[in-house]
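Chain by chain, the residues run as shown.
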Amino acid sequence: MLEIRNLHVKVGDREILRGFDLTVNAGEVHAIMGPNGSGKSTLSYLLAGREGYEATEGSVTYGGRDLLEMEPDERAAAGIFLAFQYPIEIPGVTTMTFLKTALNAQRAARGEEELPTPQFMRLVREKSEALKIPQEMLRRPVNTGFSGGEKKRAEILQMAVLEPRLCVLDETDSGLDIDALKIVADGVNAMRSPDRAMIVITHYQRLLNYIVPDQVHVLSAGRIVRSGGQELALELEERGYADYEADAA
Amino acid sequence: MAAAVEQSTVEQVRNLHVSEYKYGFYTDIETEKAPKGLNEGTIHFISEKKGEPKWMLEWRLEAYRRWLTMEQPTWAKVQHPPIDYQDLYYYAAPKKKPGPKSLDEVDPELLRTYEKLGIPLKEQEVLAGVEGARVAVDAVFDSVSVVTTFQEELAKAGVIFCPISEALRKYPDLVRKYLGTVVPITDNFFATLNSAVFSDGSFVYVPEGVRCPMELSTYFRINERQTGQFERTLIIADKGSYVSYLEGCTAPQRDENQLHAAVVELIALDDAEIKYSTVQNWYPGDAEGRGGVYNFVTKRGDCRGRNSKISWTQVETGSAITWKYPSCILRGDDSRGEFYSIAISNGHQQVDSGTKMIHLGRNTSSRIISKGIAAGVSSNAYRGLVSAHRRATGARNFTQCDSLLIGDRCSAHTVPYIEAKNPTAHFEHEATTSKISDDQLFYCLQRGIGEEEAVALIVNGFCKEVLQQLPMEFAVEAQKLVGISLEGSVG
Numbered sequence: 002m003l004e005i006r007n008l009h010v011k012v013g014d015r016e017i018l019r020g021f022d023l024t025v026n027a028g029e030v031h032a033i034m035g036p037n038g039s040g041k042s043t044l045s046y047l048l049a050g051r052e053g054y055e056a057t058e059g060s061v062t063y064g065g066r067d068l069l070e071m072e073p074d075e076r077a078a079a080g081i082f083l084a085f086q087y088p089i090e091i092p093g094v095t096t097m098t099f100l101k102t103a104l105n106a107q108r109a110a111r112g113e114e115e116l117p118t119p120q121f122m123r124l125v126r127e128k129s130e131a132l133k134i135p136q137e138m139l140r141r142p143v144n145t146g147f148s149g150g151e152k153k154r155a156e157i158l159q160m161a162v163l164e165p166r167l168c169v170l171d172e173t174d175s176g177l178d179i180d181a182l183k184i185v186a187d188g189v190n191a192m193r194s195p196d197r198a199m200i201v202i203t204h205y206q207r208l209l210n211y212i213v214p215d216q217v218h219v220l221s222a223g224r225i226v227r228s229g230g231q232e233l234a235l236e237l238e239e240r241g242y243a244d245y246e247a248d249a250a
Numbered sequence: 189m190a191a192a193v194e195q196s197t198v199e200q201v202r203n204l205h206v207s208e209y210k211y212g213f214y215t216d217i218e219t220e221k222a223p224k225g226l227n228e229g230t231i232h233f234i235s236e237k238k239g240e241p242k243w244m245l246e247w248r249l250e251a252y253r254r255w256l257t258m259e260q261p262t263w264a265k266v267q268h269p270p271i272d273y274q275d276l277y278y279y280a281a282p283k284k285k286p287g288p289k290s291l292d293e294v295d296p297e298l299l300r301t302y303e304k305l306g307i308p309l310k311e312q313e314v315l316a317g318v319e320g321a322r323v324a325v326d327a328v329f330d331s332v333s334v335v336t337t338f339q340e341e342l343a344k345a346g347v348i349f350c351p352i353s354e355a356l357r358k359y360p361d362l363v364r365k366y367l368g369t370v371v372p373i374t375d376n377f378f379a380t381l382n383s384a385v386f387s388d389g390s391f392v393y394v395p396e397g398v399r400c401p402m403e404l405s406t407y408f409r410i411n412e413r414q415t416g417q418f419e420r421t422l423i424i425a426d427k428g429s430y431v432s433y434l435e436g437c438t439a440p441q442r443d444e445n446q447l448h449a450a451v452v453e454l455i456a457l458d459d460a461e462i463k464y465s466t467v468q469n470w471y472p473g474d475a476e477g478r479g480g481v482y483n484f485v486t487k488r489g490d491c492r493g494r495n496s497k498i499s500w501t502q503v504e505t506g507s508a509i510t511w512k513y514p515s516c517i518l519r520g521d522d523s524r525g526e527f528y529s530i531a532i533s534n535g536h537q538q539v540d541s542g543t544k545m546i547h548l549g550r551n552t553s554s555r556i557i558s559k560g561i562a563a564g565v566s567s568n569a570y571r572g573l574v575s576a577h578r579r580a581t582g583a584r585n586f587t588q589c590d591s592l593l594i595g596d597r598c599s600a601h602t603v604p605y606i607e608a609k610n611p612t613a614h615f616e617h618e619a620t621t622s623k624i625s626d627d628q629l630f631y632c633l634q635r636g637i638g639e640e641e642a643v644a645l646i647v648n649g650f651c652k653e654v655l656q657q658l659p660m661e662f663a664v665e666a667q668k669l670v671g672i673s674l675e676g677s678v679g
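Line by line, the protein sequences are chains A and B.
Just so you know, we're using the working numbering here: the first sequence kicks off at 2 and counts up by one.
Just so you know, we're using the working numbering here: the second sequence kicks off at 189 and counts up by one.
Here chain A stands alone, though its shape is the one from the complex:
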């Protein structure tokens, strides 16, 4: 589904990703772990198409298409979803309205019909109940006045409603206590399927106890330096990233 080859990404004057390679197939869950500054957020912003993140070399192919040629909203309609590390507040626009606008915009871009309001409401109710998100929260402006945990759960709700093909979770576990973590993990796991892929970006191994990855990659100084199974995550937990940082320098 996703094929990244020798990707070099510049942000401002600095080169952050230097020869990044990754292949993700449908049905797979990949974890990317790395110390601060290794390029984790750069990767997620680049995939989402944020301005200011420039690919200077290499390629990114998504579903056979050149992802780098696509606009951010095009990528969304093609099924890419980014769960932000720091979800953005949009005062005046309720979560419900925001979601409805997003879903229908994507459907229109794909040539599908808009989802009628009653069906939309039912869909949202179903998904929000599973994530223990009260209806009242949906009537509040997007992320405005939400606690850290509420913001992260709201991101997963959006993901559940939009039903993407490729989910990029950028440090979804940061700032969550165990209970919130479990709810979020359940929500993510409920979306695992043979035609969906996930990239779980995290600093800590703990989340991976709940969202068990198929592959774990270590990101250091802008590239993947090691890949393995879940036992790699446990090793990192014990030994930290020091081994890899020495090499990077």
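Hints in this document: simulated from the structure, not taken from any laboratory.
Treat the hints with caution; some may be incorrect.
Stated by the list, open to error - Computed beta-carbon distance windows for the label pairs:
(1) A:T145 <-> B:E250: 52 to 62 Å
(2) B:E340 <-> A:E164: 36 to 46 Å
(3) B:V603 <-> A:S60: 51 to 61 Å
(4) B:E675 <-> A:R6: 33 to 43 Å
(5) A:T145 <-> B:P360: 18 to 28 Å
(6) B:E675 <-> A:L235: 46 to 56 Å
(7) B:T262 <-> A:E113: 50 to 60 Å
Unchecked claim - Here are the simulated EDC-like cross-link-like pairs (lysine to aspartate or glutamate), alpha carbons at most 20 Å apart as the crow flies:
(8) A:K133 <-> A:D180
(9) A:K101 <-> B:E639
(10) A:K101 <-> A:E114
(11) A:K11 <-> B:D627
To be verified - Partial list, computed: chain A residues near chain B (C-beta under 10 Å):
(12) A49
(13) L69
(14) E72
(15) P73
(16) Y87
(17) I89
(18) I91
(19) P92
(20) T95
(21) T102
(22) L104
(23) N105
(24) A106
(25) A110
(26) Y205
This structure is a prediction, so every number in the text was calculated from the model and none was measured.
Where a beta carbon is used, it is the ideal one built from N, C-alpha and C, also for glycine.
Given the coordinates of chain A, assemble chain B onto it according to the supplied hints.
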């Protein structure tokens, strides 16, 4: 990182689609005009064309002579090259038979114009198209009212809704009783000019205890070149009555500027209520700031009776320069004034606008909700006055003025004036300024919402409180207008 983001924002702002004003067409129709320029002869010409009573001509001449002694005010935060008052036509009317009795008699070109503007003149269309809502329309083309619909039905309820020129012929005493009592001919430079040369506008009288059975509306269309439009509107709600009135405006695209100096007077007697809404979309000028309408308007409501209420709701997106302060004089005890406004400026527009709430009676209250949105290189200023006379006990006001900036080359200013000469006055004022951030736009994009839709979504959320005040039929139109007027702007 910051430098890269700013550069592309700058590029996008440069590519504004300001010139895609879709009402910019011109209607080719035979027009009759007064000779160019302004002198006593022009005044006589206008008054004669209208068949006005003698006192009206005298009134106009007095205003004109007064105007000659006045100077254009310069205190507003707007800039424009000097207006040559002699280089304008003060009267232009489509040539036609006198007073059409029905739509069949109206020049089909004119009907087509209003059709293009999406304004329902054909009553059958109105009944068929708009669910359950009927709107009586007075269509004004350049200096004259072209047709007024639903007059018979309104007459059954006792409501008078007709062009002011017709009112001067049919109900002269009624007009004379109220004209100039809210905005006297000495009031200000543009109002004085208007008093001298006003050509047409709407006259509404709602009798005691009557709730006007439908929305009343006037659409102003400036068509001829180099004409000034000076309309005069007078609305009287007698005791215990209610009326909701909507004003809509458009003008064709031109290189030179067009002057629109209107006067609107509202009078609400005991227990009466007037709701006045404006959805204004004058031509804003092209992407370089050439052309565009100068909108210098005096609008004032007199809450004359006790427990009377006047509310102004406006959505302003057009005109090169806007200079207007719809105001309420809270004269009657327990009277109430409200002002809800969305003012959008884009491209090179300049807006200096706001309201005045003047508390005179006892236990009067006022509410101001102003939303200013600036984009492009425009300038958007809110100027508000809330005052309480020393005998105005128990005066209360709540003001909320919020500004939203799109891009970093535009500006918003708030200039509040508060004068409380009575110690029991209670005035609250809140103001916020915010920006549509790149983060917010990116978040929307990542969810699949296109840029323009994202801006419209965020702006609508910002304006919700004001949009909710508009009569339902126009709220949807206003929402679309908000979206269109911000096309091409980006944060």
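Now for the hints, and whether the structure bears them out:
{"no.": "1", "hint": "A:T145 <-> B:E250: 52 to 62 Å", "result": "holds (57 Å)"}
{"no.": "2", "hint": "B:E340 <-> A:E164: 36 to 46 Å", "result": "violated (57 Å)"}
{"no.": "3", "hint": "B:V603 <-> A:S60: 51 to 61 Å", "result": "holds (55 Å)"}
{"no.": "4", "hint": "B:E675 <-> A:R6: 33 to 43 Å", "result": "holds (39 Å)"}
{"no.": "5", "hint": "A:T145 <-> B:P360: 18 to 28 Å", "result": "violated (57 Å)"}
{"no.": "6", "hint": "B:E675 <-> A:L235: 46 to 56 Å", "result": "holds (54 Å)"}
{"no.": "7", "hint": "B:T262 <-> A:E113: 50 to 60 Å", "result": "holds (57 Å)"}
{"no.": "8", "hint": "A:K133 <-> A:D180", "result": "holds (11 Å)"}
{"no.": "9", "hint": "A:K101 <-> B:E639", "result": "holds (16 Å)"}
{"no.": "10", "hint": "A:K101 <-> A:E114", "result": "holds (13 Å)"}
{"no.": "11", "hint": "A:K11 <-> B:D627", "result": "holds (19 Å)"}
{"no.": "12", "hint": "A49", "result": "holds (5 Å)"}
{"no.": "13", "hint": "L69", "result": "violated (15 Å)"}
{"no.": "14", "hint": "E72", "result": "holds (8 Å)"}
{"no.": "15", "hint": "P73", "result": "holds (4 Å)"}
{"no.": "16", "hint": "Y87", "result": "holds (9 Å)"}
{"no.": "17", "hint": "I89", "result": "holds (4 Å)"}
{"no.": "18", "hint": "I91", "result": "holds (6 Å)"}
{"no.": "19", "hint": "P92", "result": "holds (7 Å)"}
{"no.": "20", "hint": "T95", "result": "holds (8 Å)"}
{"no.": "21", "hint": "T102", "result": "holds (6 Å)"}
{"no.": "22", "hint": "L104", "result": "holds (8 Å)"}
{"no.": "23", "hint": "N105", "result": "holds (9 Å)"}
{"no.": "24", "hint": "A106", "result": "holds (5 Å)"}
{"no.": "25", "hint": "A110", "result": "holds (7 Å)"}
{"no.": "26", "hint": "Y205", "result": "violated (25 Å)"}
Hint compliance for this structure: hints 2, 5, 13, 26 are broken, all remaining hints hold.
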